[in-house]
Amino acid sequence: MTQRSAILAALAFLMPALVSVFLLRLWPAAVAVNTSLIPPGGGGYSLENFRYIFTDPVFLNSLKVTIVFLLIVNPLQIAISLALALLMNTMVPLIGFWRTVILLPVAIPQSVSAVVWGVALRPDGLVNAVLVALGMEPQRFLTSSDQALASIILIVSWIGVGYWMTFILAGLQDIPKSLYEAVRIDGANRWQQFRFVTLPQLRRPLTFVLVANTVANFLIFAPVQILTAGGPEGSTDLIMNTVYTQAFIISDPESAAASTVVLVGVVLLIVILQFRLMRAEDSNE
Amino acid sequence: MNSDKRFSYARFAVIVLVAIVFFVPLWWMTVSAFRPTDAIFRYLSPLSPWSFFPRTWTLENITGIWYGNFGRAIFNSIFITLVTVVLGLAICSTAAFALAVIEFPFRKSVFMVMVISFLIPFDAIAVPLYGIMRMMNLQNTYTGLILPGIGNGLAVFLLRQFFLGIPKELREAAFVDGMGWFGIYWRVYLPLSGPAMLSAALILFVFQWQAYLWPLLIAPAPDYKVAAVAIAQFSAEYNPNFGLIFAASLVISVIPMIVLTVLQRYYSTSVASTGGKE
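Here the protein sequences come in this chain order: A and B.
For the record, in the first sequence the residue sitting at position 98 is 98 according to my numbering, with numbers rising by one throughout.
Here my numbering runs 1000 ahead of the position in the second sequence, where the first position is 1.
If you're looking for bench data, these hints aren't it; they were derived computationally from the structure.
Note that the coordinates shown come from a computational prediction; the quantities given were computed from them, not determined experimentally.
There's no promise every hint is true.
[Stated by the list, open to error] Here are the computed distance ranges between Cβ atoms for each label pair:
| # | chain 1 | residue 1 | chain 2 | residue 2 | range |
| --- | --- | --- | --- | --- | --- |
| 1 | A | Glu181 | B | Gln1233 | 55 to 63 Å |
| 2 | A | Arg203 | B | Leu1164 | 32 to 40 Å |
| 3 | B | Pro1167 | A | Ile7 | 22 to 30 Å |
| 4 | B | Leu1164 | A | Ala12 | 18 to 26 Å |
[Said to hold, decoys possible] Some residues of chain A that are not near chain B, with every Cβ distance over 10 Å (derived):
| # | residue |
| --- | --- |
| 5 | Leu63 |
| 6 | Thr90 |
| 7 | Asp124 |
| 8 | Ser144 |
| 9 | Phe194 |
Think of the CB as a built atom: it goes at the ideal place given N, C-alpha and C, for glycine as much as any other residue.
Build out the structure end to end from the sequences listed, making use of the hints.
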């Protein structure tokens, strides 16, 4: 086979995927960049739209809410996933089944989870019934600007932690048993085994989960749009909801394009990091 | 398998308890789908066994959801997801084959650009893409709904990874036998890749079954509405019928729940193999 025929064959095999990359990612990205650089009144390229969104209180509030959300939800989900993985890394009857139960929420559409939790979080819903049964005060949850973001965090964590647990569980099962035996001979207790063997050995899966989890949480949309529409008082106005509102509710395509460029720019940086973490494993190629 | 092999009843009890806590919302959804609408909130205060087990069972909610457009929405979701899985496997596996097996210049760069582009979650780019698809008259069409799901970075990555592990000698022997590239792909690589293809299929399936923002934008017409969008609009009605909402939620959820329970092993492997395992 010649070099030329290999190139032609590769091109033929890659063509459908290359067309999809172009149509579904590169072209829309180019359109967003182009639109973002043309101010509403026209008149040549400028950064006017970016200046506008970065002085728009709604957009700035949305950035703030998104950052607060990420700072809480990422460590929380990683801690819970790690705890679940440690708990589930054992041989008890039906262990595959118990793991699946925790993984199930991720397979259900987020809109369904949002709707079901929305009913459960109503003032007369299931969650308050449980709180009252436990002797606590009923809460307002999604209708309170103090509790709405926490409620969204609860919902997306219920959805996601089983998924992230799966990565950490796989990492745990890759740790050579001999490492534990070695430190046990040195008299390490359970905490020391965790601290000096488990955690360092989990560095890669944990980093990967942190990065992939950040992308996923950055783009949370369905629960917000369905349950709060960003409210009350903008307290749950995550960035995807703001972009959606700019584009389709208040019909401001220029601001929506500028916000999309910011959004895709941030996501691109995180995804490149994610790709490098995925790649490190086949560096032997 | 490096699991703790000593059996501990305490740990077993905690595992079961945690699983139950995670399952409570799904269980509540399920039993609420089978009780009369007026009984859904009645047994919540005070909390009692009847909060979690219906006193009277009824099928009226499950039968009721099919009168409106919901049946059509479920059909749309199933149809779109099946086509996405088939097309997605074709596109991702041919691309992965070229990137793993055929030697050509700039192969690593093409791989990098492709996987990174596809790893950008589709929702991030949905607003400008909506403009393009509208220009191409793909609003309220199956094509418009299906297209975004067919290129998946994780699926390309996973399949390429698997193809790299298939010994070179096999394709060299096939070359000697006079097979072309397509023959090697179709008759050597694909038959060996069952588990990897199944994992990729699950990734594509979960993505498309979940899709919400894109179908909301591109297919608002009742004939093309998907189930994930229909349920949200159901619940946003002024005076929602909770029995119907839970019944519809159950129908939408039960399909991926069954798929995942049966194929959990493949899903977990696929997830783990993209997660920087060493």
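* Hint numbers not upheld by this structure, sorted from lowest to highest -> Hints 2, 6 and 7 contradicted; others consistent.
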